[in-house]
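**Student:** Following the hints, complete the assembly by docking chain B onto the known chain A.
Single-letter residue listing:
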Amino acid sequence: MLKCTLQTELRDFSLDVSLYCSKGEIVVLKGENGAGKTTVLRIIAGFLNPEKGFVQLNDTMLFDHGSSICLPPEHRRCAYLHQKSTTFPHMTVQDNVAYGLVSRKKPQAMIREQVQYWMHNLNISDFAHIKGRNLSGGQQQRVALARAFATEPDLLLLDEPFTALDTQTRELVRNCVSTYVKTHNIPCLLVSHHGSDIQEMADRYYEIERGIVIS
Amino acid sequence: MGIRKTGSSLRSPFLLASGILTIIIVLFFSLPLIALFFRTTPELLIQSLFSPVVGKALVISLITTICTTILILITGTPTAYIQSRVNYPGKKLVDTCIDLPIVLPPAVAGFALLLMYGRMGLLGKYLSVFGISIPFTTTAVIMAQFFVAAPLYIRSAKALFSQLDKNYEEAAQTLGAGKFRVFLTITLPLTSMGLLSGTIISFARALGEFGATIMFAGNLPGVTQTMPLAIYTSMQSDFNAAVTLSIILIAISLAVMLGVRWIAGGEEYA
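Chains as they are written, first to last, in the numbering used here: chain A, 1 to 215; chain B, 1001 to 1270.
These aren't lab readings, by the way, just hints derived from the structure by calculation.
The structure presented is a predicted model; accordingly, all values stated were derived computationally and were not measured.
Among the hints, erroneous ones may be present.
List of simulated lysine-lysine pairs, DSSO-like, C-alpha gap at most 30 Å [as the list claims (entries may be wrong)]: (1) A:Lys23 <-> A:Lys52; (2) A:Lys3 <-> B:Lys1179; (3) A:Lys131 <-> A:Lys23; (4) B:Lys1166 <-> B:Lys1092; (5) B:Lys1091 <-> B:Lys1179; (6) A:Lys3 <-> A:Lys23; (7) A:Lys106 <-> B:Lys1091; (8) A:Lys105 <-> A:Lys182; (9) A:Lys84 <-> A:Lys3; (10) B:Lys1166 <-> A:Lys84; (11) B:Lys1125 <-> A:Lys106; (12) A:Lys105 <-> A:Lys3; (13) A:Lys3 <-> B:Lys1166; (14) A:Lys52 <-> B:Lys1179; (15) A:Lys105 <-> A:Lys84; (16) A:Lys106 <-> A:Lys182; (17) A:Lys3 <-> A:Lys131; (18) A:Lys52 <-> A:Lys3; (19) B:Lys1166 <-> A:Lys105; (20) B:Lys1179 <-> B:Lys1166; (21) A:Lys23 <-> A:Lys84; (22) A:Lys84 <-> A:Lys182; (23) A:Lys106 <-> A:Lys84; (24) A:Lys131 <-> A:Lys105; (25) A:Lys52 <-> B:Lys1166; (26) B:Lys1091 <-> B:Lys1166; (27) A:Lys52 <-> B:Lys1091; (28) B:Lys1166 <-> A:Lys131; (29) B:Lys1092 <-> B:Lys1179; (30) A:Lys182 <-> A:Lys23; (31) A:Lys105 <-> B:Lys1179; (32) A:Lys23 <-> A:Lys106; (33) B:Lys1179 <-> A:Lys84; (34) B:Lys1179 <-> A:Lys131; (35) A:Lys106 <-> A:Lys131; (36) A:Lys106 <-> A:Lys3; (37) A:Lys84 <-> A:Lys131.
Chain A with its partners taken away, still in its complex shape (with noise of 0.2 Å):
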């Protein structure tokens, strides 16, 4: 479960969120361009400290002011696709998904189990061999997808993913993105202003208005 209470100032308002997040529960932030919602998925995985609150992620703090914890991104287990897909344009599609599992060191049999299952589950199996860079965004976004899971993360933080995917792609995404929080029993945080997003997806939500949860 993720709780969370995040204070911050940011350049035109106070930013001032507490939230929770059930294990196997998706919950979306929606509101206006600018309300604050990105920032708190970025406080979540780590990228911004705020000036005070907390982030508690199952049994461990990520993140208390009051005693000075602030775990680096990379030891917070948790998944962040960002709008625009970030899938390495340099590596080949299996070397963009196995590229978590090889940076926590995990055995070479296991890496290639993985990394051989999420891209037969989210269908880029085809692509293995070629460059992020020549993919077009929908398939940037499934291996990007592909390569959050086959970490296996604690929390997912989906910031507005399937904004620029066509609507095959886009349902594929999501029933994918559900399917994972189900049955991996884990936390998901979504930002989306979409109301196709909210009532396909979502079990609860926030709706947050230049900083503050107003619903």
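**Tutor:** Coordinates of chain B only, in the frame set by chain A:
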């Protein structure tokens, strides 16, 4: 006849005048270089290629420039990375210090190096206590080249690191990669073509270094006499050698320029 873009015809007086000026500038740049080739023959060129002055200068130039370039890569890349990614008090001052040699006249750079590391220099007087003397050695040539060429590389590397989409590095971090692994597997490969073109430019700058070298390292054949210094000396004694050395430097410069163009083109279509 196909469709043509308007405004590109030389019938406009302004464009015509600009075209003529362009031709004048191109001639101004290229004619002196062509003149060099009129002052030699293939036989003379080959003959002087094996003269001791040319051979020694070529060896000294290549050894020192390669050493300088390696040093620039090893020290300049992390420096550029820090300057592009970390905010700290006095960062602007450090930036200015790094950029300063670009605008500094090379003779001043050489003189300043001499005042620092010379026998009576600020640091040199302490080094000489231990029997270390830097000026007028091959090490001094490398230091002079580093002084003028490193800022060019650091500047271009810094710009590349700043322009790189940070999302790639952040994605790698969330996948469990530490800062060093992210740097090696994401940052460096994604900027490699630009870094290579920066390396080639600083190599060329180091190869052509004259002012700082003659002030700080002197002009000793076989020790500190690089190709530009040998051209300067040979002009009075062995004219053919000077012409041959100049042609070698033109060939290297041309190769460097074409190399950078090729890399830049490759990057564009990558």
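**Student:** Could you run down the list of hints and mark each one as holding or not?
**Tutor:** Now the hints, each set against the structure:
no. : hint                    : in the structure
1   : A:Lys23 <-> A:Lys52     : 25 Å, holds
2   : A:Lys3 <-> B:Lys1179    : 27 Å, holds
3   : A:Lys131 <-> A:Lys23    : 35 Å, violated
4   : B:Lys1166 <-> B:Lys1092 : 22 Å, holds
5   : B:Lys1091 <-> B:Lys1179 : 21 Å, holds
6   : A:Lys3 <-> A:Lys23      : 11 Å, holds
7   : A:Lys106 <-> B:Lys1091  : 39 Å, violated
8   : A:Lys105 <-> A:Lys182   : 27 Å, holds
9   : A:Lys84 <-> A:Lys3      : 27 Å, holds
10  : B:Lys1166 <-> A:Lys84   : 12 Å, holds
11  : B:Lys1125 <-> A:Lys106  : 56 Å, violated
12  : A:Lys105 <-> A:Lys3     : 29 Å, holds
13  : A:Lys3 <-> B:Lys1166    : 27 Å, holds
14  : A:Lys52 <-> B:Lys1179   : 25 Å, holds
15  : A:Lys105 <-> A:Lys84    : 27 Å, holds
16  : A:Lys106 <-> A:Lys182   : 25 Å, holds
17  : A:Lys3 <-> A:Lys131     : 38 Å, violated
18  : A:Lys52 <-> A:Lys3      : 14 Å, holds
19  : B:Lys1166 <-> A:Lys105  : 24 Å, holds
20  : B:Lys1179 <-> B:Lys1166 : 13 Å, holds
21  : A:Lys23 <-> A:Lys84     : 26 Å, holds
22  : A:Lys84 <-> A:Lys182    : 25 Å, holds
23  : A:Lys106 <-> A:Lys84    : 28 Å, holds
24  : A:Lys131 <-> A:Lys105   : 23 Å, holds
25  : A:Lys52 <-> B:Lys1166   : 25 Å, holds
26  : B:Lys1091 <-> B:Lys1166 : 20 Å, holds
27  : A:Lys52 <-> B:Lys1091   : 28 Å, holds
28  : B:Lys1166 <-> A:Lys131  : 19 Å, holds
29  : B:Lys1092 <-> B:Lys1179 : 24 Å, holds
30  : A:Lys182 <-> A:Lys23    : 8 Å, holds
31  : A:Lys105 <-> B:Lys1179  : 15 Å, holds
32  : A:Lys23 <-> A:Lys106    : 25 Å, holds
33  : B:Lys1179 <-> A:Lys84   : 22 Å, holds
34  : B:Lys1179 <-> A:Lys131  : 23 Å, holds
35  : A:Lys106 <-> A:Lys131   : 23 Å, holds
36  : A:Lys106 <-> A:Lys3     : 29 Å, holds
37  : A:Lys84 <-> A:Lys131    : 17 Å, holds
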